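Mind docking chain B on chain A? Use the hints.
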Amino acid sequence: MFLEVQHIVKSFGAEKVVKDLSFSLQAKQTLSILGKSGCGKTTMLKTIGGLISPDSGKILLNGVDITETKPEKRNIVYLYQEDLLFPHLNAFENIAFGLRIKKIPEGLIKEKVQHMLHSLELEGQADKMPTQLSGGQRQRVSFGRAISTNPSLLLLDEPFGSLDTGTRQRMQELFKKLTEEFDITSLFVTHDLKEAVLMGNQIGFMQDGVLKVYEDKKDFIQDPQTGVQSEIEFWGGLK
Amino acid sequence: MKIKKPNIGILLFVLVGVVPFAAAFVYALLYSFGVIGVANNGFTFQFWESVLASGTFFTSLRYSFMIALVAVLISVGGALWITLKFREQLEKRFLSFIIYLPLAIPGIVTGFFTFQLFSKGGFFARISHKLGFITEASQFPDLVNDGLAIGIIFSFITMIMPFFVLLFLNVYKNERVEELSILAQSLGASANQITQRVFLPILIKKTWVLIVLYFIFLLGAYEVPLILGQESPQMLSVLIIQEIKQYDLDKISEGYVVAVLYTLIVSIAAIVLFLPKKNRAYAN
Chain A
1 MFLEVQHIVK SFGAEKVVKD LSFSLQAKQT LSILGKSGCG KTTMLKTIGG
51 LISPDSGKIL LNGVDITETK PEKRNIVYLY QEDLLFPHLN AFENIAFGLR
101 IKKIPEGLIK EKVQHMLHSL ELEGQADKMP TQLSGGQRQR VSFGRAISTN
151 PSLLLLDEPF GSLDTGTRQR MQELFKKLTE EFDITSLFVT HDLKEAVLMG
201 NQIGFMQDGV LKVYEDKKDF IQDPQTGVQS EIEFWGGLK
Chain B
1001 MKIKKPNIGI LLFVLVGVVP FAAAFVYALL YSFGVIGVAN NGFTFQFWES
1051 VLASGTFFTS LRYSFMIALV AVLISVGGAL WITLKFREQL EKRFLSFIIY
1101 LPLAIPGIVT GFFTFQLFSK GGFFARISHK LGFITEASQF PDLVNDGLAI
1151 GIIFSFITMI MPFFVLLFLN VYKNERVEEL SILAQSLGAS ANQITQRVFL
1201 PILIKKTWVL IVLYFIFLLG AYEVPLILGQ ESPQMLSVLI IQEIKQYDLD
1251 KISEGYVVAV LYTLIVSIAA IVLFLPKKNR AYAN
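Taken in order, these protein sequences are the chains called A and B. Residues in the first sequence are numbered consecutively from 1, following the numbering used here. Residues in the second sequence are numbered consecutively from 1001, following the numbering used here.
If we strip away everything but chain A, and leave its shape as in the complex, we get (with noise of 0.2 Å):
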């Protein structure tokens, strides 16, 4: 497996948010997790960025354990809820982050970029900066600043919580072909029911910090706790 998560607990003083975590995940495969909000996804999300330290448990990435390593150096990348970008630089040098951050040479930025921002479908913005830029196109860069890193694993929590419906269908879309493109390994963190089905290889369902993974759609499906069959009964009541 390339990602496991091995029994991970994290409390904040007494209370535990999240609870003997175990999962794990193929590379190239992106498991999307539903859960309401204070269930503890951001802090699942943020444990195995590094972010926050676990109080016990292991993670192992592609069969190294990665529990201690400084978030700088486990190429995970975490994406904020909102479109994250830095203000002070134009959507280009926001995609280009990384890279010179990692030191690359110019002319291999440049050709990066250019091809990421034309795989956005953002050609022309390339000099913009973050406030000229529309919600959808910001969370556009910040997917492609995330991306042309090469990360080991991306973590999306609620990527298109901010977006319009018409616009969040069109990133779902481009999420799904990105991540054809590129070989994204990825953890896809949504409270939207029908996002998480679409977006996922796999499913899981959080509640009260504990995470159960379903062997395959069906099951997810299956489950009355997963709100899906609520949902189906809502939606055929209205035929």
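What the hints contain is simulated information worked out from the structure, not anything from laboratory work. Where hints are given, some of them may not hold.
[Said to hold, decoys possible] Below, computed lysine-lysine pairings styled on DSS-like, alpha-carbon distance capped at 25 Å:
#1 K1085(B) with K73(A)
#2 K1085(B) with K46(A)
#3 K103(A) with K70(A)
#4 K1205(B) with K1085(B)
#5 K128(A) with K1173(B)
#6 K176(A) with K217(A)
#7 K70(A) with K1085(B)
#8 K110(A) with K73(A)
#9 K1206(B) with K128(A)
#10 K128(A) with K1205(B)
#11 K112(A) with K73(A)
#12 K28(A) with K176(A)
#13 K1173(B) with K46(A)
#14 K1173(B) with K103(A)
As the structure is a computational prediction, the values presented were derived from the model and not from experiment.
This is chain B only, laid out in the frame that chain A set:
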């Protein structure tokens, strides 16, 4: 005829902000060319030639420029360092209250405090004497009314550094530098790279206008250099007031020449700095 609200605003701004300043400038300009003034006999370049030939103005401008620059650089640098290292502590109630205190102290009081602390008969000189570091007052180093303007720079720093700390803390919060730093770390940036590529550029870019305005403010500061400055060279405002209040009536016109020159330089600098600029690409 009914006057629209925005027009009233512009009218008030012109009446309160522009007219008095323009009137004072025109008065100073006419005085400098001898058109008005008790002992003046009409238009002449005599006072301008005298000021430009003596070099006092340029020495004073250079001196003021260096003092303001050093004070602003140390204050901004210090405030950035404090924000970076002690941000969490400063957000606590007691410290956040303490840091507001220096802002409530007027410049003239800061000047007197500095004088009482650092003069040859002041607090530290007495302590040094008691501790046996010096045997007489003259052995205490020149820290006020000195050539290097140490007393003036110290006062300026104590006056403006707390302001910059508060400003940077505010920008840090508003611009979400904390989250951006975590993001940069996630993209592979080390602590130093985060400081250089995220923390500093965001804070400086958001505050550079105020930094420049404070520099201009210090360039024309009066009370502190009056108390803590030396005889020569003097900071510009002190020089101007001294010239204007002289018994030699010719010197009054020369004082106005210095005032006009100073106003022109600062105005041109402000216009050049604040002219709208195209968005720059931040390549590296």
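Hints and how they fare:
As the CA atoms of K1085(B) and K73(A) are separated by approximately 23 Å, the hinted pair is consistent with the 25 Å bound. Note on K1085(B) and K46(A): the hinted pairing holds, with a Cα-Cα distance of about 23 Å set against a maximum of 25 Å. Between K103(A) and K70(A), the direct Cα distance comes to roughly 19 Å. Compliance with the 25 Å bound is thereby established for this hinted pair. Taken as a hint, the K1205(B) and K1085(B) pair is honoured in the structure, with Cα atoms around 20 Å apart against an allowance of 25 Å.
Proximity of K128(A) to K1173(B) is assessed by CA-CA distance (about 24 Å); at most 25 Å being required, the pair is judged to hold. At roughly 17 Å between alpha-carbon atoms, K176(A) and K217(A) fall within 25 Å of each other, so this suggested pair holds. With a CA separation close to 20 Å, the supplied pair K70(A) and K1085(B) stays within the 25 Å bound. A hinted pair counts as satisfied when its Cα atoms are at most 25 Å apart, and K110(A) with K73(A) qualifies at roughly 24 Å.
The straight-line distance between the Cα atoms of K1206(B) and K128(A) is roughly 18 Å, inside the 25 Å bound, and the hint therefore holds. Restraint check: the Cα-Cα separation between K128(A) and K1205(B) comes to about 17 Å, which is no more than 25 Å; the hinted pair holds. As the CA atoms of K112(A) and K73(A) are separated by approximately 21 Å, the hinted pair is consistent with the 25 Å bound. For the hint pairing K28(A) with K176(A), the CA-to-CA distance comes to about 11 Å; that is within 25 Å, so the pair holds.
This hinted pair checks out: K1173(B) and K46(A) have alpha carbons roughly 21 Å apart, not beyond 25 Å. Simply put, K1173(B) and K103(A) have alpha-carbon atoms about 29 Å apart, too far for the 25 Å limit, and the pair is violated.
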